[in-house]
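Same order as they appear, the protein sequences are chains S and G.
When we follow the working numbering, the leftmost residue of the first sequence carries the number 1, and every step to the right adds one.
When we follow the working numbering, the leftmost residue of the second sequence carries the number 1001, and every step to the right adds one.
Hints should not be assumed to be uniformly reliable.
Here are the simulated BS3-like cross-link-like pairs (lysine-lysine), alpha carbons at most 25 Å apart as the crow flies [to be verified]: (1) G:LYS1108 with G:LYS1296; (2) S:LYS100 with G:LYS1396; (3) G:LYS1431 with G:LYS1364; (4) G:LYS1525 with G:LYS1424; (5) G:LYS1396 with G:LYS1431; (6) G:LYS1169 with G:LYS1377; (7) G:LYS1124 with G:LYS1169; (8) G:LYS1008 with S:LYS100; (9) G:LYS1108 with G:LYS1530; (10) G:LYS1296 with S:LYS100; (11) S:LYS100 with G:LYS1108; (12) S:LYS94 with G:LYS1296; (13) G:LYS1108 with G:LYS1525; (14) G:LYS1391 with G:LYS1530; (15) G:LYS1391 with S:LYS100.
Pair by pair, the computed Cβ-Cβ distance ranges are [claimed, not checked]: (16) G:GLU1205 with S:PRO86: 49 to 59 Å; (17) S:GLU80 with G:LEU1632: 35 to 45 Å; (18) G:ILE1013 with S:LYS100: 15 to 25 Å; (19) S:SER97 with G:GLU1173: 35 to 45 Å; (20) G:LYS1169 with S:PRO86: 46 to 56 Å; (21) G:GLU1205 with S:ILE82: 50 to 60 Å; (22) G:GLN1569 with S:GLY110: 50 to 60 Å; (23) G:ARG1316 with S:SER97: 34 to 44 Å; (24) S:GLU80 with G:HIS1340: 49 to 59 Å.
FYI, nobody ran anything at the bench for these hints, they're computed from the structure.
Think of the CB as a built atom: it goes at the ideal place given N, C-alpha and C, for glycine as much as any other residue.
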Amino acid sequence: MTSEYSNSPDDQLSAGDANQYLTFVLNGEEYGVEILRVQGIQGWDTVTPIPNSPDFVLGVMNLRGAIVPIIDLRKRFNMETIPHGPTTVIIVVKVESADKPRTIGMVVDGVSEVYRLDDANIQALPEVGASGVSSDYVKGLSTVDEKMLILLNIDKLFSGNELNHDAPTPMAKTA
Amino acid sequence: MSIDMDMKEIHDIFFEESEEGIDVMESGLLGLEPGNADPELINTIFRVAHSIKGGAATFGFTAISEFTHGVETLLDQLRSNQRAVSEDLIEVLLGAVDCVRGMLAALKDDAELDLNSVTECQEKINALLGSAPVTSAADSVADTDEVMAQRPGVKTWDIEFRPDANIFKTGNEPIRIFRELESLGKLNVFAELAEDVEFDSVDPENCYCGWVLELEADVDAEAIEAAFEWVKEQCDLKIHCRNPQAAAAADTGAVESANTVAQLEPPKSESNAAKPAAAPAAASRDSGSIRVNIDKIDALLNLVGELVITQSMLARFGENGGERGANSGLRDGLMVLERHTRELQESAMQIRMLPISSSFSRFKRLVRDISSKLGKKVELVLSGEDTELDKTVLEKMSDPLVHLVRNSLDHGIEMPEQRLAAGKPEVGTLKLSAYHEGGSIVIEVEDDGAGLNAKRIHQIAIERGVVSETEQLSEEQIHHLIFQPGFSTAEAVSDLSGRGVGMDVVRRNIADLGGRIDIHSEQGKGSCLKIRLPLTLAILDGQLVRVGDDVYIFSLRSIVETVLVPPNQIKRLAGGSVVYRLREDYIPVVRLRERFNLNCSAPRKTYLESDGELMVVVESDGKRLGLFVDELLDQQQVVIKSLEENYMPVTGLAGATILGDGNVAMIIDVPGLVRDAGDAKANDSNAA
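Bound conformation, chain S alone:
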C-alpha cells in the first residue's frame, strides 16, 4: 500500500483551505473536489468485489483498518473504461450523507493540481449536461489558465441512494 499524501485531522488548516480544490483527470477532462474532503491518495491495490453490487462499485479495500468501497468514476459516468495505468490512483474522500459521514475511494486516471478558487470564480453549470456527468453531481465550473475545471459535489454523487444497487446510472438521468 502506498500512501503518498495524507490529510490527517490534526493538520493545520487555515480558513483559505476551504477554497482549495484537488483536481484530477478523467477521460481527458479535469475535475475538482474540495481539498478538505480529501483523506488521502492511494495507489492501486487489491480490491475485493462485493456480491450483487452495481457495476461501478469495484469492491472494497482495506484502508488503515477500515473497509472502504472503491468506485470506478469512469464506470460511474458511463465513460469508456481503460486498463489501470501507472498514474491511476484512488482518491479517498469523506462524503457527508444524510445519516453519517462515510469514506469512499474513487478511481481516477491521475491527480493533477491543487487550485485555490474563490466562489466568485465558480459559475453554475449551464442547463445542458456537460461531459456525460449529470448536473446533479456538479457544483459548478471554473476556468484556470484557459482550462475548464468541473467541480464535483461528491455528497450527491455518493449519497446512499446513488450507491444503491437499483439506482439509475447518471446518464439515464440526464437523458
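Chain S is already provided as a structure; the job is to place chain G on it using the hints.
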C-alpha cells in the same frame, strides 16, 4: 457556534449523568422495604435526587428542578426519620422517577413533555407532603427559597471560591454560579486577584481570580454546594455559616432547615465538604472506571486488528528467512511479538465487555410492575450478574429477555391461590442467571410456574397447521413448537404478551447474534429457557473458503459438516429450487457463485475424479442449507467489520474482515441465507 456546541456537550453530560442517577434511584427504591428505613440507601437516593435538582437548576431546566424539589423534600423527611417507608411512598417515588426520566428524555430530544403525568405525580407527592411548601408545579424553587429568605433570622454564609486556573476551559462560568446563588438570597461578591502572576506568562484563557462571597439566605449548606456542583472538582471551596443558630431560633417548624442545622454542627469548612455528594454516583458504577466514547474503543480495536495483521505478515517473512543463525533471533522476537499482540488484542476486546447486571437490574422494576398488575406474587432471583458480555450483544439481547421474562410472569407463574392449591409456595420464583460455558455465555430464564402444557401446544399446532395430525412428536419437540411463527398459547390475549408475535422473533433475534435458545419444561413444575450466545460479536472463528477468485468466510459455529457431492445427487425441483439428499433429509442448496453473481475467471473446482463438488452444510435456527464452494482454506479467528459503515448492508453478507495479507474478505451471513432459502421455498410453493 462553538459556544452552543460546548453547551450542548455539557448538557449531554448532564443528561447522561442524570439518567445514570435515575437508574441508581430506581434500584435504590426497589431495594427499600416498607417499615425498614435503611439510612445508607435513603441517603444514596436523596443525594441523587439532589444532584439532579442542582444540575437541572444550573442549566435552567426549571421543570425538572421544580419537580425534583418535591421529591427531595420527601426523601429528606425519610432521611431524618420523620416519615416511615411505606409501600405507597415507594410507589409514588417510583412514579416520580419515571416522571423525571420522561422529562429528561423530552428535553434531550426536544420533544413535547407529557405535562399531565407530571402534574399527576406532583399532586401525589404534594398529597404525601401534606401541608407542603410546594403547592403546584408552577412554583419555582427560587420562589420557595425566596419565601424562606424573607423569614426572620436569616443565616449569613461566607463562601470562599477559588477555582483552578483552567476552569474556563471546561466550559464553566463563575457568573452563572453567582447568579444562582443570588436567587437564594442577598449576595455580595468580592473578587481577589492571584498575587504571583507574571504579566509575561499570563494565559488569557486561564482564571487568575478567586472570589469571596457573602450570602444572606435561609438555606442549608447543601443548597449552596449545589450551585457549585459542576465545578466542585476544579476549585477550592469553603462554605462557612456565621450564625448557624439563627435559623434554628427562627423557625423550628421548617423541616429542611431544622434538619440541616443539626447536621451543620460543627460547620463544614473543608473543601471536601462536597465530596460525599459525589461519592454515591461513583460507588454505583464500578469503582475506578472511566467513561470512554465507544468510537474511541472501536478505533483502538481497529488499530489492534491492523497490528495483528502486520504481525502475521512479519511472522511469514520470518519463517521464509531460511536456516541461518542470524535469523533465529528474529524468529524468537517474532514469537514474543505474536504472544504480545494476541494478549493486546484480548485486552482490547475486554474493553467492550460489560457485566450483564446492567441488563438484569432493570428486571427488578419490570417484575415488580407486571406482577402487581397481574396480582401475582413473584420473587426475582438474579445470579451471575458479573458475567461479562459484548456491549452490542447485551443491547440486542435486551428485548428478547424482556419478552421471555414477561412470558414467564404472564403464562408461567400462576395466581397465588392456584399455586397454593397445587401445593407450591404462594410466592413464585423467577430466576435469571448468566454464566460461562465453554466458549459461550449462557443466560437462563427459569420459573417455577405451570410449565408448558404439551398436550395443548400440540393441539394448537395442529389447529394452526404448524404440524400435521399424524406426526409423532416427542415432548421436547412439542415444547419447541412455541418457537414457530404465529404461535401463542395464551388463552386470552393480554396487553403484556400472548399476541402471537413472540417466541419466533425471540428465537430469530438470538439466531442473528449467532446464538441458540432451548427450552426445558415440566408441566406443573416450571420452565427453563436457556440462551446460548457467543462471547463477542467482534471476533469470529472463521472457516475460510474459496469461491471463484475470492475468499469468503463462514462462522465455524454455523458449519455442520462438509460433504463431497456427486453430480447426480442434486435434484432440481419445479420452480427452480435445488435440493440435495443428505442422508434422510432433503436440504435446500445454494450455489454461491450464482447467488452472489460472481464473474469468476477461475473454473469450478471439481472433485471425485469427475464432476463432484464440495458442499458446506450450514445450520441456523434449526434449519440446514447446503452451499457450494470451490475449496476449503484455513481456519482462523477474524475481526468482524461492518460493510455498512462506509457502504451499505449487503444481503447474504454479515460483514467483512481483513486477512493476514491485508486483503479484505467477505463474511457470509448464514442465518440470512438460510432464511432466504426458506422464503424462496415458501414463494415457490405459493406459486405452484
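Each hint tested on the structure:
{"no.": "1", "hint": "G:LYS1108 with G:LYS1296", "result": "23 Å, holds"}
{"no.": "2", "hint": "S:LYS100 with G:LYS1396", "result": "22 Å, holds"}
{"no.": "3", "hint": "G:LYS1431 with G:LYS1364", "result": "11 Å, holds"}
{"no.": "4", "hint": "G:LYS1525 with G:LYS1424", "result": "9 Å, holds"}
{"no.": "5", "hint": "G:LYS1396 with G:LYS1431", "result": "20 Å, holds"}
{"no.": "6", "hint": "G:LYS1169 with G:LYS1377", "result": "54 Å, violated"}
{"no.": "7", "hint": "G:LYS1124 with G:LYS1169", "result": "43 Å, violated"}
{"no.": "8", "hint": "G:LYS1008 with S:LYS100", "result": "19 Å, holds"}
{"no.": "9", "hint": "G:LYS1108 with G:LYS1530", "result": "37 Å, violated"}
{"no.": "10", "hint": "G:LYS1296 with S:LYS100", "result": "17 Å, holds"}
{"no.": "11", "hint": "S:LYS100 with G:LYS1108", "result": "20 Å, holds"}
{"no.": "12", "hint": "S:LYS94 with G:LYS1296", "result": "19 Å, holds"}
{"no.": "13", "hint": "G:LYS1108 with G:LYS1525", "result": "46 Å, violated"}
{"no.": "14", "hint": "G:LYS1391 with G:LYS1530", "result": "20 Å, holds"}
{"no.": "15", "hint": "G:LYS1391 with S:LYS100", "result": "21 Å, holds"}
{"no.": "16", "hint": "G:GLU1205 with S:PRO86: 49 to 59 Å", "result": "51 Å, holds"}
{"no.": "17", "hint": "S:GLU80 with G:LEU1632: 35 to 45 Å", "result": "40 Å, holds"}
{"no.": "18", "hint": "G:ILE1013 with S:LYS100: 15 to 25 Å", "result": "23 Å, holds"}
{"no.": "19", "hint": "S:SER97 with G:GLU1173: 35 to 45 Å", "result": "37 Å, holds"}
{"no.": "20", "hint": "G:LYS1169 with S:PRO86: 46 to 56 Å", "result": "50 Å, holds"}
{"no.": "21", "hint": "G:GLU1205 with S:ILE82: 50 to 60 Å", "result": "55 Å, holds"}
{"no.": "22", "hint": "G:GLN1569 with S:GLY110: 50 to 60 Å", "result": "54 Å, holds"}
{"no.": "23", "hint": "G:ARG1316 with S:SER97: 34 to 44 Å", "result": "39 Å, holds"}
{"no.": "24", "hint": "S:GLU80 with G:HIS1340: 49 to 59 Å", "result": "51 Å, holds"}
The structure shown violates the earlier hints numbered 6, 7, 9 and 13.
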